[in-house]
Amino acid sequence: MSPLIEARGLTRILPATVPVTLVRDVSLTIGEREFIAITGPSGSGKSSLLYLLGLLDEPTKGTLSLAGHATLGIHDEARAKLRLATIGFVFQFHFLLPEFTARENVEIPMRKLGRLSPGEMSRRATELLAAIGLADHLDKRPDQLSGGQRQRVAVARALANDPPLVLADEPTGSLDSTSSEQVFLILADLVRQRGKTVVAVTHDLDIASRVDRRIHLVDGKVVSDDCNKDKKAEPATPDAR
Amino acid sequence: MRLLLELAVTHILGRGRQTVVAIAGVALGVGFSIAMASLMQGGEDDFMAQLVDTMPHVQITDERRTARRQPAEDVFALAAIAGLRPKEDRRGILNPAEVGAMLRAFVPGRISMSLRTQGVVRYAGRDVGISIIGIDPEEEAAVSSVAGDFLEGSFASLAGGGNNIIVGDRLAERLGARLGTTVTVVSSTGQSRGFKIVGLFHTGTTARDEGEGYVLLKNAQILSERPNAINDIRIKLDDPSAAPAVARRAEAQTGYKTVPWQEANESLLEALVIRNVIMYTVVGAIMLVAGFGIFNIISTITHEKARDIAILKSLGFTQGDMRRLFLVEGLALGLGGSALGWVMGFSLCYAMSLVHFELSGAAVGREMTRLPLAWSIWHYVIAAGFALASAAVAGYLPARQAARLNPVDIIRGAS
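For the protein sequence lines, the chains are A and B, in the order given.
Each step along the first sequence adds one to the number in UniProt numbering, with nothing skipped, and position 173 is 173.
Each step along the second sequence adds one to the number in UniProt numbering, with nothing skipped, and position 165 is 165.
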């Protein structure tokens with residue numbers, strides 16, 4: 001089976017008077033059903049690597065294959081299409097559209113993909129939100145939800161098109177400890193129950209210690225890529241949600 | 001596309017006050033453009049109607065566009081003529097019956113033949129120079145706009161027996177004459193006759209009211225010593241737009257210079273074209289200003305919605321989607337403004353149609369006049385077209401900028 005992500009010599013240099021190297025010669029292979037944490041000090045290139053893996057940014061050098069598709073030099077249209085079907089993003093800030101309800105926000109990627117009928121989209125959005133404990137908040141706008149609830153809506157939105165890969169950039173960074181735990185357990189549940197691959201950038205050492213694999217970056221370079229032997233992640237339970 | 005439309009609507013409605021201002025700007029532009037176009041077109045139509053009504057549609061004179069060819073040139077293939085002094089021909093169209101029959105065979109309209117000569121009207125020691133026009137009363141009544149401008153008498157009055165003349169009211173005023181007065185007419189050839197005034201007209205054009213006198217054709221021929229000659233054929237067509245074709249054929253058949261009304265008023269018609277160019281330039285300028293309002297609001301929205309743009313792009317929306325989104329917003333404002341502008345334009349035109357002017361003048365008496373207005377769907381279509389084009393450009397510029405936004409820059413900034 002081909003890996004979900006295969007990166008070879010990924011390098012990202014910001015053009016400037018003094019060019020800044022964000023990611024330096026990173027080679028990675030990520031398979032299905034993996035829960036990976038990318039860690040490292042501030043400015044080590046964690047988010048930059050995530051954006052490269054998520055096709056939001058283009059590498060200066062190196063190659064990247066995503067779900068068997070070579071991504072080097074492909075047109076914006078094709079990148080967007082691949083992103084829409086293959087990747088779900090969760091950011092530190094929820095980035096929900098403020099004028100739309102929780103359900104409408106979750107429906108947006110489905111509507112863009114256009115594979116489901118309006119009824120099916122609505123049903124799927126409802127199911128996703130119910131699965132993360134937001135069944136009573138379907139028609140609330142983001143400003144009527146708490147920080148943790150908004151972030152959970154963002155996770156549901158990331159899963160809207162049932163992508164095999166979820167990329168999360170500091171998903172618990174702006175949450176209190178209770179909400180952080182809820183979001184972490186949902187992400188873990190995605191791997192255990194739904195068979196997704198989750199790659200999360202995090203500063204949280206507790207979270208990093210509870211995932212399957214930890215990639216540590218320093219100055220844009222991978223310094224360690226280890227499997228956690230003593231991981232403590234548990235599948236999210238209805239109570240925990 | 002429906003999703004983009006929904007997003008566009010939420011963006012626009014999210015900035016209520018600015019949206020109202022932008023739509024009002026476009027609506028004002030469209031409304032005033034329609035009103036202005038209606039007035040300008042109305043004025044032009046009025047002017048053209050007067051031009052077409054008062055002038056002959058085709059006029060044939062006794063001139064030729066080029067000098068007559070010498071018979072030797074027609075007979076021999078190569079002829080050199082030196083020291084030629086052309087004979088002084090008797091001027092005028094000397095075979096009017098033949099020319100008239102030729103024209104009546106194909107002209108779809110009415111024809112009047114006349115002889116125009118210069119002379120002086122003398123009465124009570126006053127001399128006034130006039131154009132003496134010899135006419136057939138029946139033919140002239142069917143062609144001339146003066147037929148509708150009589151204050152006293154009519155063209156038919158000329159045929160009442162004796163030597164009769166019809167003059168303008170201002171000429172009679174200058175001479176101190178009135179209906180029934182006998183005046184003396186002296187022609188440029190020195191012929192002199194007494195004529196009784198049997199009709200007075202007022203066209204409103206001083207040159208005609210003060211400088212024209214109508215007599216029977218045979219009297220004009222006697223005064224100018226040109227028996228059986230005419231020098232002016234005027235044609236009124238059933239369809240004025242056919243004048244150039246009729247003129248071409250008439251000139252080809254008669255050999256005399258034949259001028260359609262369009263050629264006679266070429267410079268005036270060119271001036272009207274220039275006036276229209278100026279009008280549509282002003283309309284374009286108004287719409288350009290309205291476009292700035294749209295540009296302003298779309299720019300603000302793209303700036304405010306940078307995060308939304310970033311997340312939509314990260315979800316899988318393309319640069320093209322983003323361009324379309326903000327272009328749709330610009331066009332929506334343009335459409336809204338156009339629709340409101342149509343209502344405003346129609347209301348303005350209706351209000352102007354109710355305006356009455358009372359014009360008074362020494363000779364015209366009192367006349368009730370309205371603003372000349374033209375009602376045409378094209379004014380609405382063109383104004384909306386300008387508005388939408390302006391809105392499209394105003395929306396496209398910020399849309400292009402929004403599409404180029406790098407989501408990574410925005411996500412990093414927001415985190």
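It is possible that some hints are incorrect.
Stated by the list, open to error - To give a feel for the contact side, a few chain B residues facing chain A, derived at Cβ under 10 angstroms: (1) Arg-249; (2) Ala-252; (3) Leu-312; (4) Arg-400.
As the list claims (entries may be wrong) - Listing some non-contacts, in silico: residues in chain A with all C-beta distances to chain B over 10 angstroms: (5) Asp-57; (6) Asp-76; (7) Arg-83; (8) Leu-84; (9) Ala-85; (10) Glu-99; (11) Thr-126; (12) Ala-135; (13) Ser-180.
Note that these hints are calculated values from the structure, not bench results.
Every residue, glycine too, gets a C-beta built ideally from N, C-alpha and C.
Verification of the supplied hints:
{"no.": "1", "hint": "Arg-249", "result": "violated, 63 angstroms"}
{"no.": "2", "hint": "Ala-252", "result": "violated, 65 angstroms"}
{"no.": "3", "hint": "Leu-312", "result": "holds, 8 angstroms"}
{"no.": "4", "hint": "Arg-400", "result": "violated, 14 angstroms"}
{"no.": "5", "hint": "Asp-57", "result": "violated, 5 angstroms"}
{"no.": "6", "hint": "Asp-76", "result": "violated, 5 angstroms"}
{"no.": "7", "hint": "Arg-83", "result": "violated, 5 angstroms"}
{"no.": "8", "hint": "Leu-84", "result": "violated, 3 angstroms"}
{"no.": "9", "hint": "Ala-85", "result": "violated, 7 angstroms"}
{"no.": "10", "hint": "Glu-99", "result": "violated, 4 angstroms"}
{"no.": "11", "hint": "Thr-126", "result": "holds, 19 angstroms"}
{"no.": "12", "hint": "Ala-135", "result": "holds, 23 angstroms"}
{"no.": "13", "hint": "Ser-180", "result": "holds, 16 angstroms"}
Taken one by one, the earlier hints fail for this structure at numbers 1, 2, 4, 5, 6, 7, 8, 9, 10, listed in ascending order.
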